[in-house]
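Trainee: Please model the complete structure; the sequences and the hints are all you need to start from.
Sequence lines, in order, name chains A and B. The first sequence: position 159 = 160 (the working numbering), numbered continuously. The second sequence: position 576 = 577 (the working numbering), numbered continuously.
Among the hints, a few may not be true.
[Claimed, not checked] To give an idea of the interface, some chain A residues facing chain B are shown, with a C-beta separation under 7 Å as derived from the structure: (1) F66; (2) A77; (3) V111.
[What the hints assert, rightly or not] Computed list of lysine to aspartate or glutamate pairs in DMTMM-like fashion (alpha-carbon distance at most 20 Å, straight line): (4) B:K462 - A:D130; (5) A:K127 - B:D614; (6) B:K472 - B:D322; (7) B:K543 - A:D179.
[What the hints assert, rightly or not] Reference listing, derived: stretches of chain B covered by chain A, where coverage requires no fewer than 3 residues with Cβ under 8 Å from a Cβ of chain A: (8) 81 to 92; (9) 102 to 108; (10) 193 to 207; (11) 496 to 504; (12) 558 to 571.
Derived by calculation from the structure, the hints in this document are not laboratory data. We put the beta carbon where it would ideally sit given N, CA and C, even for glycine.
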Amino acid sequence: MEKGRRSRIPANNVKSTRALTLLVLLAIVVAGAWYYLSKRGHGIGSTLTVYYTKLDGTTLGNLSFSLRPQQPGESASEHLRNTVLYAAVQAVAGPPSDVPAIRFPPGTRVTSASVNGSTAVVDLSKDVDRQAGGSFGENGEFKAIVYTVTGVPGIAALKVTVGGETLPTLPGGHFELDQPLHRSDF
Amino acid sequence: MSWISRFIAPIFKTRTACAALLLAAWAGLPALAGASITAVYGQHTIRFTHVSTSAGATALGINDPGFATLLRDTGASLTWQPGDRYVLITTSVPTVVSFAVGDRRYDVGSIGLQAGIAPYQQGGEVYLPLNELLRSLDLALRQDGPIAVLQPQLAMLDVRSTGSRVDLVAHGGAPLRPRIVAQNANAVTYEFDGVGTALAGTRNVNAGGIRALQIVQTGTLRAPKTNVIVQLEPGAVYDAPRSNDERDVLISFAASAAAAQTPSSQAAGSGVSSAPAGSAAVTGVTVTPTADGYAVAIAVAGSAAFEWHRLRDPDNRFWVDVKGAQLQTPPIDQTEPDPVGALRVRQIDAATVRVALSLAGPKALAIVPSGTGLTVFVGEEEVASAPRAGTGSVGSVVASGEQAATVTPAPSDQSGDSAGGDNGWKFGSSHSTYVPKNPRLIVIDPGHGGSDPGSARNGVKEATLALDMAKRLRGILIARGWQVQMTHDADVDVYAPNDSAHDELQARDDIANNAGARLLISIHVNAFINSGPYGTTCYISKPGDVALARSIQRQLASDGTKDDGVIKSHLYVTLHALMPAVLVETAFLSNPNDFALLTSPSWRQKIAQSIADGIGQYDRQYPASNAPAQ
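Mentor: Quick look at the structure:
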């Protein structure tokens, strides 16, 4: 008889127990996903490596800068975006003027930055398009900024716009800009 | 190194001192009551109208027209858009100054500081703490009676040890032109005209012939001067001030003339690197598969020479020594898949890092200096005879704006020259599997033309030179039995007059792609903003371009300018060509020596000859095949 009672009681509770278990698992999954998405920017770290291209046209040098931590009220995605902005501004500024390096044309500045998935989108002022140089400068400039920005955790590629618009190529060496750039492009 | 003194404005260092400055500034700003500040800066006056106060500290709105004037006059630029939390200012140094709304921390380059107040939003505008803002621009607000003065500062006087020497590195908010105003056996006094300072005081040094430094501000608030009195040890010597930048000056000292002869290992005035000249770091070694083997990538930071050796089969050990380098990873000793066999990395002496492989046979190798160090490509193919040793260098050694040769041809190239054909040194997927419709057709693309002259110097246009060399190349190739098609053989646009760059470039690729050409050669002339860089480079974009580029670059290496090697880039013409394509940057129009070569018809003929020779060598190594692509 006891055996019969034991078998009846669990039988009545099986469905509700399973449903409860599923609900708990679902809640855990949802909470985990929310936590991951909300904290995604926390893996950025505290140091930024800023690359510059040396005057051999291809070798990279680098400098380190500390990163501002995520601020109260600053979402993870905003923090990532702000870090990308800072990285891009540092890359365009380049090293101190007494360090031999390939530099962006004078006046070039970052006007905005955003993040779309793992692609950073950085807008440069039109000054970058005003220098009729050659492949040497263009390759060196963009190698530096691509390496710098894709060094931010979570960023795999850099899409560059100029004056808010996609520019197919730069004028001198015909460096192509209409697709996101990766480190493997150099 | 405890005796090294750093005189970054001491007022940064304590909260109390910072508060004292703020109070002083507050007390000295009579215009604040009217929410505006009028200040003399150099020869003119700037009026700041977006002025606010918070917790007793003055803040300046970044939409202030006076602020825009100040940025322009100091050569700085602002990155900020409405809604942005970060406010970034790039100074003329350049140094990036970073503020963030709600955060008292602000960064000046790599230095993190605390402001008296955090930037805040008011009426849709971000307000920045004024004193910290000015300090980041190396300025200070001073009160000269009823008049406020924006006074450039001698903001930094850094004492740096470089072996037996000591360098004083000064940085200011205005061009620094120090001159010696007094000197004797015990002291030398440098006057920095036009800058004030908050660094006044005396500091002991006791190194490099310097006993102590005394910093004194003289002059007036509007015409300040700062004197740096260097108290010397007996027998100390010093150089004339040197400057690589208007706002940075370096003065070297040594305890004696003998010590002064020791080569300085400090990058002049940079304050960025304290590494000895020629020193390098091996920061990592990675092994990755390629299409027909493996690539052993040795990451090298800095400049270094390397020397490699391989033993004769059946002892198939190979090693490369990176000279003047420090290993920055733990030693590596691990088994790798064939054909690499085993990898060992270690510091074999104080200045040499050795990377050794135990190859699974007499495998094909290529040692290629690259952008981030050195890559050893190991192929599956076995070679009967191959060079057993070689040397080269990576990184750059730069002096006086010009660069020494850094890359020697890879052993594969040297071998190719002597063998005159395919000797098994090819690696990876460097050879294209593209099948041309016309294996005897080569398309030549003279860079630019028509509405796009390319770069120009002294009336000489890139398009003109490129077209000339292209025509010369055409003549040589036709004489050697090739069919040649030019994307254009006159100074015109290819797609349409005044077309877009995209249409123009795609039209050039279309010509080669539609014709099913064997190869595409685009001829250009390089240029840069200064005259330093020079040399010849082959740019490529696809793996299938590598072998052709190497063959051409090998021939160009002896053309009279510097061999800058093969560089992978994201160039439109090479990227969108279906066939092996190379963009040859023949020389720099911006370099005087290269300019002389480029304007010499005989040199241009030589370049055309070298490119044709490279094509010929490529054709012998990789005869056209009509077999379908694998």
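Trainee: Tell me if the straight-line CA distance from K543 of chain B to D179 of chain A falls inside 20 Å.
Mentor: Distance ~17 Å between K543 of chain B and D179 of chain A Cα, so the pair holds.
Trainee: Report holds or violated for chain A covering the stretch 558 to 571 of chain B, Cβ cut-off 8 Å, minimum 3 residues.
Mentor: As far as the stretch 558 to 571 of chain B goes, the hint holds, because 6 residues have Cβ atoms under 8 Å from chain A.
Trainee: How about the stretch 496 to 504 of chain B: do at least three of its residues have a C-beta closer than 8 Å to a C-beta of chain A?
Mentor: It holds: at least three residues are needed, and the stretch 496 to 504 of chain B offers 3 whose Cβ sits within less than 8 Å of chain A.
Trainee: Are K462 of chain B and D130 of chain A close enough, with their CA atoms no more than 20 Å apart?
Mentor: Measuring from Cα to Cα gives roughly 18 Å; hence the hint holds.
Trainee: Verify the interface restraint on A77 of chain A: the C-beta must sit less than 7 Å from at least one C-beta of chain B.
Mentor: Status violated, d = 13 Å.
Trainee: Would you check whether V111 of chain A satisfies its interface hint, that is, whether its CB is within less than 7 Å of any CB in chain B?
Mentor: Interface hint status for V111 of chain A: holds (5 Å vs cutoff 7 Å).
Trainee: Counting residues of the stretch 81 to 92 of chain B that have a beta-carbon nearer than 8 Å to any beta-carbon of chain A, does the count reach 3?
Mentor: holds (count 6)
Trainee: Is the hint on F66 of chain A kept, meaning its closest Cβ partner in chain B is under 7 Å away?
Mentor: 5 Å, holds
Trainee: Is it true that the CA of K472 of chain B sits at most 20 Å from the CA of D322 of chain B?
Mentor: This hinted pair is violated, its Cα atoms lying about 45 Å apart.
Trainee: Using a Cβ cutoff of 8 Å, are there at least 3 residues of the stretch 193 to 207 of chain B near chain A, or does the coverage claim fail?
Mentor: violated (count 0)
Trainee: Under 8 Å between beta-carbons, do enough residues of the stretch 102 to 108 of chain B, three at least, approach chain A for the coverage claim to hold?
Mentor: n = 4 at 8 Å, threshold three: holds.
Trainee: Would the hint linking K127 of chain A and D614 of chain B be met if the CA-CA limit is 20 Å?
Mentor: Not satisfied, since the Cα-Cα distance of roughly 41 Å exceeds 20 Å.
The structure is inconsistent with the numbered hints 2, 5, 6, 10, although it conforms to all the rest.
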